[in-house]
Amino acid sequence: MSVPLELVLVTYHDGLLKIAETKEGIGSLYQKFAAVLWLSPDDLKLLGVNMGKPVELRSAAGSIVVQAKADPNNKPGMGYMPFSLYSLSLTSYDPAKSRFPDFKRIEVTVLPTERSITPISEIERGWIA
Amino acid sequence: MVNLVCTGCGSLCDDIQVEIAEDRITRIENACAKGAAFLYALDNLNRRTTCLVRDREVPLECAIEEAKQLLSEAKRPLIFGLDNSTLETQAKAISLARKLGAVIDDASSFSYGELIQGLLEGSTQSGSLSQIKDKADLLIYWGSNPLHSHPRHLSQFSYYSYTDYDEAGWIPKVNLACVEVRETELSSICRPAFRLAPGGDREFIREILSIIKGGEGTDEAKAFLELIKDSRVCIIFCGKGLLYSLNGNFDLFTEMVQGLGQCTEVSVIPMTDEINMLGFNKSLREEAGYVNQVSFDGGIKHGTEFSFLEQVHKELPDCVLIEGSDPLSTLPQSLSRKLASAKIICLGSIITSTTNAAAVVIATAAPGLESNGKVVRMDGEEVNLLEVKKSTYPSEEEVFERLFMEG
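Chains L and D, in that order, give the protein sequences.
According to the working numbering, the residues represented by the first sequence are 21 to 149, in order.
According to the working numbering, the residues represented by the second sequence are 4 to 410, in order.
Derived from the structure by calculation, the hints contain no laboratory data.
Among these hints, one or two may not hold up.
[Stated by the list, open to error] For lysine-lysine, the following PhoX-like pairs were computed, each having C-alpha atoms within a straight-line distance of at most 25 Å:
1. D/Lys-317 <-> L/Lys-117
2. D/Lys-102 <-> D/Lys-71
3. L/Lys-117 <-> D/Lys-341
4. D/Lys-102 <-> D/Lys-392
5. D/Lys-216 <-> D/Lys-232
6. D/Lys-392 <-> L/Lys-43
7. D/Lys-377 <-> D/Lys-393
8. D/Lys-71 <-> L/Lys-95
9. D/Lys-393 <-> L/Lys-43
10. D/Lys-377 <-> D/Lys-136
11. L/Lys-89 <-> L/Lys-73
12. D/Lys-285 <-> D/Lys-102
13. D/Lys-102 <-> D/Lys-138
14. D/Lys-71 <-> D/Lys-346
15. D/Lys-304 <-> D/Lys-346
[Stated by the list, open to error] For the chain D half of the interface with chain L, some residues (derived, Cβ under 7 Å), not all of them:
16. Ala-36
17. His-151
18. Tyr-162
19. Leu-199
20. Gly-202
Glycine is no exception: its CB is placed at the ideal position from the N, C-alpha and C atoms.
Given only the sequences and the hints, what does the whole structure look like? Please build it.
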C-alpha cells in the first residue's frame, strides 16, 4: 500500500538541462530533464510507484506533478531535483525567515498520482495568475 | 578558424576556435557541450531577432523610444542583471541608474555578493588561477559540481590542467577533494569526498573552527583539517551549494579560512556561473562604495531593502530594466508573479521567459561574439572579449548609451 512521503528536497545544477534550454528553449526536452524527482529506491517502494511514473509534490509554495526515479546513491528521506521552473514552483521566499529563497532544503510531501506531468505552460501561466 | 573566448559560463575558456561562414558559426572546436550549445544558439530559433513593444515587432528606434518613455515616467525604476555584460556596459548602466535615481542590483545580492565583497576588500584571500594553480597541491570544490556548471573547469584551470597531465599515466601531484550533499560525477573522483546533510555546511564549519581553536569536533571535521594541514597551498572553489546553505552569510566561512590560513596558504574562488559578476561588483563598489543593493535616489543608499528580491517581493519598482539575466527562470514563482506584473524592459540576445513577459524587448549583440569588451573572471583576471562575427544588432553598451543620452 502506498503512503504519502515527507521528504527534504534539494535542488542542483544540471548541465544537460541547461543545454536543452539553450538549444530548444523551454520546451519538451527541457521538461524531460527538469520534471524529475530522484529518490532512494526504498522511498520509491514506499510510495508504491514504479520507476518513471508520475508523483505529485506539494510544498508550502505550490504543487507539481513530475516523474519519480530511483537512484541507489540517494539516502531515504531525501529527494533531488534539477534547478528549474518545476523546482521553483515549490520554492518559497520569506525574508522574515531567510535572506535567500529556499533552494536547498524544501520540505515536500510526495504522493502517487494518476495525473500527467505538469505542462510548462501551466507553470508559466502561474506568473500572470 | 578564429579564436574566441567562450561566454557560455563563468570559466571563460579562451582556447575556443570557431569557423564562420556568412555570419553564421559552422564549426566549433575545443568547446564543451554547454559552450557549443550556447554559441550555436545565437544562430538558432531562440535568437532574439526583433525588438518588441508589448509583443508587437518594432524597429530598434521605437523600442528605445518606448523604453526611454517608461523609464522617464517611472517613480521607482530598478536596473537589474548585468552579470553577463562587459565592464563597459556595466559602467553605462551604473551611470544611467545614477541619472534616473534608480535602484541597481545584480544576482550577487542573492548569491556570491558577500563572498565577493570579502575578496575585493582583502578579508578573504584569492588570486589569479594562472598564478596560484601551479603552487596549489590541494583543490577543494565545496558545494559545486563543475562537471555540470563549468564543464571544462577541471581541465582548463584545476585538476587536469597541470602541464605534466597525461591521460595514459598521470600520477596526480595535487589532491582533489569536495564537500557535497549528494553523490556527483565530481565526488566519484575526489579523495576524499565529504558528504554533508543538506544545510549542514554551517555546522561542519563550526566543527572545523572548534578544532582549530583547540576544542572538539567530528571525525569528518578532523579529517578535513588534516587534509588542509597536509597541503602547502589550497584553493577552495565555492559553489552555490555552499552559499545557499550559509544563506549568503560568509562570516563563519571567512573565519574558518583565516583559521586554516594558520596551517597553510588558502585561496578562495567563487564558482560564478555568470561571465562578469565580479566585474559588476567591482565597478559598483568603485562608483558607489558597495558591491550591490544600491539606490541612487537622493544620493547613494545601500541596504537589503534595495536588493532585487526585496524590491520585487514588496512590489516597489514600477519599471524594471533587466539586462543579460532571466530572473523569471530563476526566482520562486511567488516572486516571478510579482515581477511579471511590473513594466519590464529587457535587453538581450536570446528569447527567455523574462523577454516573453517584458513590455519592451531590445535585441542586442552577444558580448564576446558580436561585440567587444572586457570582463572579470571568477579569479579576478581581466579577460578581453573580441567581436568575431558581424551583427546587425546594437551592442548592449550602445543601447545603454542611447538610453542615457536620450533619457
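Against the structure, the hints:
1. D/Lys-317 <-> L/Lys-117: Since the Cα atoms of D/Lys-317 and L/Lys-117 sit roughly 16 Å apart, the hinted pair holds (cutoff 25 Å).
2. D/Lys-102 <-> D/Lys-71: holds (13 Å)
3. L/Lys-117 <-> D/Lys-341: holds (19 Å)
4. D/Lys-102 <-> D/Lys-392: violated (33 Å)
5. D/Lys-216 <-> D/Lys-232: Holds, at roughly 14 Å.
6. D/Lys-392 <-> L/Lys-43: holds (20 Å)
7. D/Lys-377 <-> D/Lys-393: holds (18 Å)
8. D/Lys-71 <-> L/Lys-95: violated (53 Å)
9. D/Lys-393 <-> L/Lys-43: holds (22 Å)
10. D/Lys-377 <-> D/Lys-136: Given pair D/Lys-377, D/Lys-136 holds - Cα atoms ~23 Å apart, limit 25 Å.
11. L/Lys-89 <-> L/Lys-73: holds (8 Å)
12. D/Lys-285 <-> D/Lys-102: holds (20 Å)
13. D/Lys-102 <-> D/Lys-138: violated (46 Å)
14. D/Lys-71 <-> D/Lys-346: OK: D/Lys-71 and D/Lys-346 at ~12 Å, within 25 Å.
15. D/Lys-304 <-> D/Lys-346: holds (24 Å)
16. Ala-36: Nearest chain L Cβ about 6 Å off; hint holds.
17. His-151: The hint holds - D/His-151 has a Cβ within 7 Å of chain L, the shortest such distance being about 3 Å.
18. Tyr-162: violated (17 Å)
19. Leu-199: Since chain L brings no Cβ nearer than about 11 Å to D/Leu-199, farther than 7 Å, the hint is violated.
20. Gly-202: holds (5 Å)
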